[in-house]
Each structure stands twice: as structure tokens, then as C-alpha cells.
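Protein chains: 2
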Amino acid sequence: MYVVIMAGGSGTRFWPLSRQKHPKQFLDIIGGKPMLRQTYERISELVPDRNVFVVVGKSHEQETKKILADKKDIHILVEPFGRNTAPCIGLAAMVISQQGNDLPIVILPADHFIAQPDVFRSDIQKAGDLAGKTNCIVTIGIVPVRPETGYGYIERESEKIENGIYRVKSFVEKPDFETAKRYLESGRYFWNAGIFVARPSVLLGEFEKHMPDFYSNLVRLADHIGKEDFKTYLEALYEKAPNISFDYAIMEKTETEVYVVPSACGWSDVGSWYSLYELRATREGDDKGNLLDGSGKFFNCRNCFVMNRGTQWIAMLGLKDVLIVNTDDAILVADLKMHQQVRKITEHLKQSDKDELL
Amino acid sequence: MYVVIMAGGSGTRFWPLSRQKHPKQFLDIIGGKPMLRQTYERISELVPDRNVFVVVGKSHEQETKKILADKKDIHILVEPFGRNTAPCIGLAAMVISQQGNDLPIVILPADHFIAQPDVFRSDIQKAGDLAGKTNCIVTIGIVPVRPETGYGYIERESEKIENGIYRVKSFVEKPDFETAKRYLESGRYFWNAGIFVARPSVLLGEFEKHMPDFYSNLVRLADHIGKEDFKTYLEALYEKAPNISFDYAIMEKTETEVYVVPSACGWSDVGSWYSLYELRATREGDDKGNLLDGSGKFFNCRNCFVMNRGTQWIAMLGLKDVLIVNTDDAILVADLKMHQQVRKITEHLKQSDKDELL
Chain C
1 MYVVIMAGGS
11 GTRFWPLSRQ
21 KHPKQFLDII
31 GGKPMLRQTY
41 ERISELVPDR
51 NVFVVVGKSH
61 EQETKKILAD
71 KKDIHILVEP
81 FGRNTAPCIG
91 LAAMVISQQG
101 NDLPIVILPA
111 DHFIAQPDVF
121 RSDIQKAGDL
131 AGKTNCIVTI
141 GIVPVRPETG
151 YGYIERESEK
161 IENGIYRVKS
171 FVEKPDFETA
181 KRYLESGRYF
191 WNAGIFVARP
201 SVLLGEFEKH
211 MPDFYSNLVR
221 LADHIGKEDF
231 KTYLEALYEK
241 APNISFDYAI
251 MEKTETEVYV
261 VPSACGWSDV
271 GSWYSLYELR
281 ATREGDDKGN
291 LLDGSGKFFN
301 CRNCFVMNRG
311 TQWIAMLGLK
321 DVLIVNTDDA
331 ILVADLKMHQ
341 QVRKITEHLK
351 QSDKDELL
Chain A
1 MYVVIMAGGS
11 GTRFWPLSRQ
21 KHPKQFLDII
31 GGKPMLRQTY
41 ERISELVPDR
51 NVFVVVGKSH
61 EQETKKILAD
71 KKDIHILVEP
81 FGRNTAPCIG
91 LAAMVISQQG
101 NDLPIVILPA
111 DHFIAQPDVF
121 RSDIQKAGDL
131 AGKTNCIVTI
141 GIVPVRPETG
151 YGYIERESEK
161 IENGIYRVKS
171 FVEKPDFETA
181 KRYLESGRYF
191 WNAGIFVARP
201 SVLLGEFEKH
211 MPDFYSNLVR
221 LADHIGKEDF
231 KTYLEALYEK
241 APNISFDYAI
251 MEKTETEVYV
261 VPSACGWSDV
271 GSWYSLYELR
281 ATREGDDKGN
291 LLDGSGKFFN
301 CRNCFVMNRG
311 TQWIAMLGLK
321 DVLIVNTDDA
331 ILVADLKMHQ
341 QVRKITEHLK
351 QSDKDELL
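First to last, the sequence lines map onto chains C and A.
Heads up, the first sequence stops at 358 in the numbering used here, and the numbers go up one at a time, no gaps.
Heads up, the second sequence stops at 358 in the numbering used here, and the numbers go up one at a time, no gaps.
Read the hints as simulated data drawn from the structure, not as lab findings.
Accuracy of the hints is not assured; some may be wrong.
Identical chains blur together in the list; that is why a pair holds if it fits in one copy or across any two.
Here are the computed lysine-lysine pairs in the BS3-like style, where the Cα-Cα straight-line distance is at most 30 Å [stated by the list, open to error]:
#, residue 1, residue 2
1, K71, K297
2, K231, K320
3, K288, K354
4, K133, K160
5, K297, K337
Model, not experiment: these values are computed from the prediction.
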């Protein structure tokens, strides 16, 4: 198999810890290592390093190389601009197909957490086995554990085809709460984690069909892979590439068979400070639900989360549901449940010439 | 007149801004200057600098000299140990009496805030005039504006003696809320701000009567004032001195006539982060009751108070009644109404070898 780790994101939901130059996939916020490094280590038992491709934005190339410095065989593909996941996957599929074989590619976001990597690897292997012997796309469907309204869902057909795998009936958008509850109870819906397995020829066929202009440019690029002028052609490709997700551009339109491997691997996209708190507090929190990462102490607090990466000692007194994030140049103190509004702060920073804090 | 500014305190209620080496009277938290400096400036229109005595603890001598560096004529009396206000006032009275005259002394705590200094000066002058022509002690009684349970009260007799001044009937301890309400409604009770005016001979007479041992040692010290061995005798005096307040040792026992000048001067002892917030938010707060001193911004907050003396920019999101104090080596995030519990933190620091933060 091949693995493509997509590390091109640049979110601000973990501000002030995440910054434009240091987005979530580079943060060491859960699991004790940068998320990108964990994503690589989680999968590295299944594939040799020379089959691992990390796709990353230009401004994050150095950070990526640092995090993977001891893994010289890994390929790092640098995108000249961010164009969401479709161009990223197309590029990786073309580069891999030029290596002369058609082994399945596992496509993984770099910034997800998985509590049970053994289960995950076993499910990925299942998906890889199926993708390797058919012309289909296999997705990993996370078995839902709550009526989550923040994720897209994958609906399966009724009957298993083999080995616990199902044919996919449809991809559905983020539901409202009542719908999410119904999904959860039905047992026929899974969270879409953006993890896909397919052979390069299958993927490129999809791009040819659903993004023909992009595909033509991709073919034009193919001759220059490994050559001096590759960068120039890559820039030309990306300049014309639409900014669109693989789900939207391909998965929702494909006529190819799509399968889903249900996986109860303890997956989370760690989408906000609150979800990070929920993930970690269960294991690391005190008996009042407080979680402290760094130097400080709680006095009469409940359900508070402190991430202290600054130099100060922090005393928390009489607080409930409060998030504190301390860094060298910025501090966030927030209602832990208002995590969705962190973007208000980054928008303010943009508008008020405080770029150094972004 | 003479003025004695008592700057010997060492509270921790403004932790982490106040520290053992930098207690409240040295903080610039209201009025734009250190409180000690404001106390001096407030009274300096009434007396020449050479008549001003600042009594301060050994560990705060340098800080005091720095704050008053441009006022070379002010006397700074350094106490070898803190022994509450009675020894402090006895010492100052003896030193002043040795200057050879018997002008009234105004005794002032260094760490109070007064919103209307003109009113205050006028009332002090009244008290000084009365004290100068009688053998009495004159107190300033703050006209109460709420049923405060945190202060001691001064009860007056019914009839004015002159110029709006009353004879004092009794000094009463901190009341419960119902009693405080009754005090407020009666119009006969004032807050005891610890401000007294009396001639040195009157004060020394009181010490002779109510603290005879201390008085004997004080007399022994008198011969050494201005001499090389003064420090040695001063240490001997303080080693034996009881740790007791002037209110408790003298005012509650005195048989001398005591008068009270009611004063509506906007006084506050600024006893906690919350009272500081209340004092400042009215004038400086935004329309949601938020008060920001330093660099940062509120997003959807109400009644929050941020004192940012660190280097970081602080974002506050969705908070209510939260206090944030940022310094170079410690941060406090607290429920603004739990200000009484700040001492829990300093107690913890003592017990856990974090002396550098005290």
C-alpha cells in the first residue's frame, strides 16, 4: 500500500496555540507528539517509509521536515497554494501512479486523533485488501458514539458484502440534532472521517471524469515529475486548480462502487478546544473534571481546561467551564462551551493589524 | 501639622500583583500612581515635606525611597519588624515630639483611595484645627454609602459640638448585615478608616496609660533619636513591642475625649480585587461592565476585570464575573466574587516551596 498524509490545513480553531505558521497538525496537544507525527507513526507499521507521502503547504515545509527529520525515506510533496483536498489527492495519485505500480493508496488527514490505533490499522488493512482487488473506493466509516451534528455521515446499504464491509448508499451532509439521533439509533450511518483507500488508477479515473480540466493539467505535469522544472508546472497546475474538497468534487458524484469499513477505533477530528477537553479530561482530568496541561493549580474549579505553554504559573479560582490557553505572546480565557466563537478573535486580529498574533 | 503615613503593611489580597516585596501600598492599581505616592500627594498641600513621616518595613525601604525620590525633605522611618499600627504610631509620635513642638499629627494608612481629595483635605484641616486647640483625639468618620460588613464603625453622640464635628460615643466592631443596615439608616455611624489626628503629647500620654511597658522603652529610645545607635535601640523596642493595632490598644480603651469629623470624601480601603473592580468599573468600564487595564479585548463578556501587567495580549471570550491578573511569572484567573479566597492560593504557595511567587 501507499499512504498519503494530507497536512495542508491552516485552521485557527486552536488559537492562540495554532497560528498561521503553526496549524493544528503540528501541535502537540494530545498524545504527546505533534498530530502529524502521530498520524505517520500510527500507519507506519503497515507500509514502508518510501511509500509514505506527506502533502503540505509551502509555509509549513520546514516544520514538516523537522517533525519527520529521522525518516529520510518519506516523500514530502509541497503544495504551492492551499486548494483543499481534491487537488491534493489528485497530485498524490498522479505522483504515485508514476512510480509504475497500482497499489492502493490510503488517504489520511494529518490532524485526527485515534484512541485505538490497533483497531484502526486492522480496518485500514481490510479497506486496503478490498481496494487492491477491485476498482472501487473504500472509505472508513467511524461508528458514531453520540448524535454529532458537526460531521458528515456515510449511509450504508443493508447487507454486508464480506468481512464486515458494506456498500455505501450515500454521503450525507451534517444533520440537525434530531436527524443525528435517528442516524445514531439506526446503526446504518457512520461518521465520514475523510479517510479513503483506492488504487491510483481508480482515483485518476475519477478526476478524469469529474474534474476533466484539472485532470488534463495533471497529465501535463506527469512528465515533469522528478525533473528540475517540476515546481514550475506544479505552480501552473495549482494556479488553475479549483479550491474544492475531494468529498464534494468526487465522492458525492462518483458512479464507481464505494464501500465502507465500519471502524470503532476511537476516532476524533479534535475539532475544537472543547472536543480536545472532552477527549483528554476522561483520562487525565481530576475528579472535578478539571484538566491541566502545564504549570498551575485549580482551587475550587469544575470542568476547566488549562493549556499552559507560557512561562507563568497559573492559579485558577472558583471557575466553572473555563478554558485558559497561555502562550508567549497571547492568552485566551474563554467559556469552554463557546469554542465556536474563537474565530471572532482571529477575525478581530486580522482587522486590527495584529497579524503577528495570527 | 505633621503627617504620619503608615506604609508597613504586607497583604496578599492583590496577589499576583502584590507580593511580599511589593505589597498593595506600592501598587499602581487605581489613580495612575502607587497608592503610597497618592497618599502623600493628597495631603502634601496641607503640610511641608519636612513634616511628613513615612513609616515602612525594612524590606520596603528601597521601594519607598524610589517612589518618593524627588521629595528629599520627607522623613522615612524604617521599622525593623512589622508590629501592626500601635508601635508604629508610638514611634512616630515620639520622634515628632522630639522635634520640640506639639503640633497635631495626622495619621494616615498608605493604601487607601479617596475619590474627592478636596473634601478629604478640608475635613482633615477641621480635625487638625480641633486637635491643635484641645487635648483630644479626632478621627475621620467616613459617611457610609452601603451597609458594609467589612469595616469597623464609629458611633457619634447626638449633638454637634461645632463645625459639623461630633463627640464619639463608641467604636464598634464589624457588624452583621442587618446591624450594618441599621447603622446606615440611623445616620449616626461612620466607617472607621483608621485616620486619626492628635498632638504628640496626647498620643504619648495614651501610650503611657494603656501600653506602659512599650512606653518606657519608647522613652529609652528617645535619647538616641538622630544618633548612630538609634537602630540598635529601635530593634530592642520592636523586639519587645506587642503586635497590636492602635484601634485595639488605644482607641477602644481611651478615656480622653474623642471626636469624629464626618467625611463624604469617596473613601475606600480598596480591600480586594472586587472592591477595586467596583471602584474603577463605574468610571472606566465599558457598557457591559467590563474593565480592561492593559493589552487585550473582550468578546461577549460581562462584568469582567482584566489587569494585564504581563507581555501577552489577552482575549476574553464569553465570560461573566471573571477576574484575570497577568504578571511576568504568575497568572490569576478567578471568579471575581470569590476574591476572599485569594489567600488560599498564597497559602498553597507557602506550603509548596513556591516562595518566588509570594
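To see whether the hints hold, each was checked on the structure:
Neither within a single protomer nor between protomers do K71 and K297 lie at most 30 Å apart by alpha-carbon distance, with minima of 38 Å and 43 Å respectively. For the homomeric pair K231 and K320, neither the shortest alpha-carbon distance inside one copy (52 Å) nor that between copies (52 Å) is at most 30 Å. With identical chains, the CA atoms of K288 and K354 are at most 30 Å apart between copies only, with a shortest distance of 24 Å across copies and 37 Å within one. Taking the shortest alpha-carbon separations for K133 and K160, only the intra-copy value of 17 Å comes in at or below 30 Å, while the best inter-copy value is 105 Å.
Proximity of K297 and K337 under a CA criterion of 30 Å is satisfied in both settings, with 21 Å inside one chain copy and 19 Å between copies.
Violation of the numbered hints given earlier is confined to hints 1, 2; the remaining hints are satisfied by the structure.
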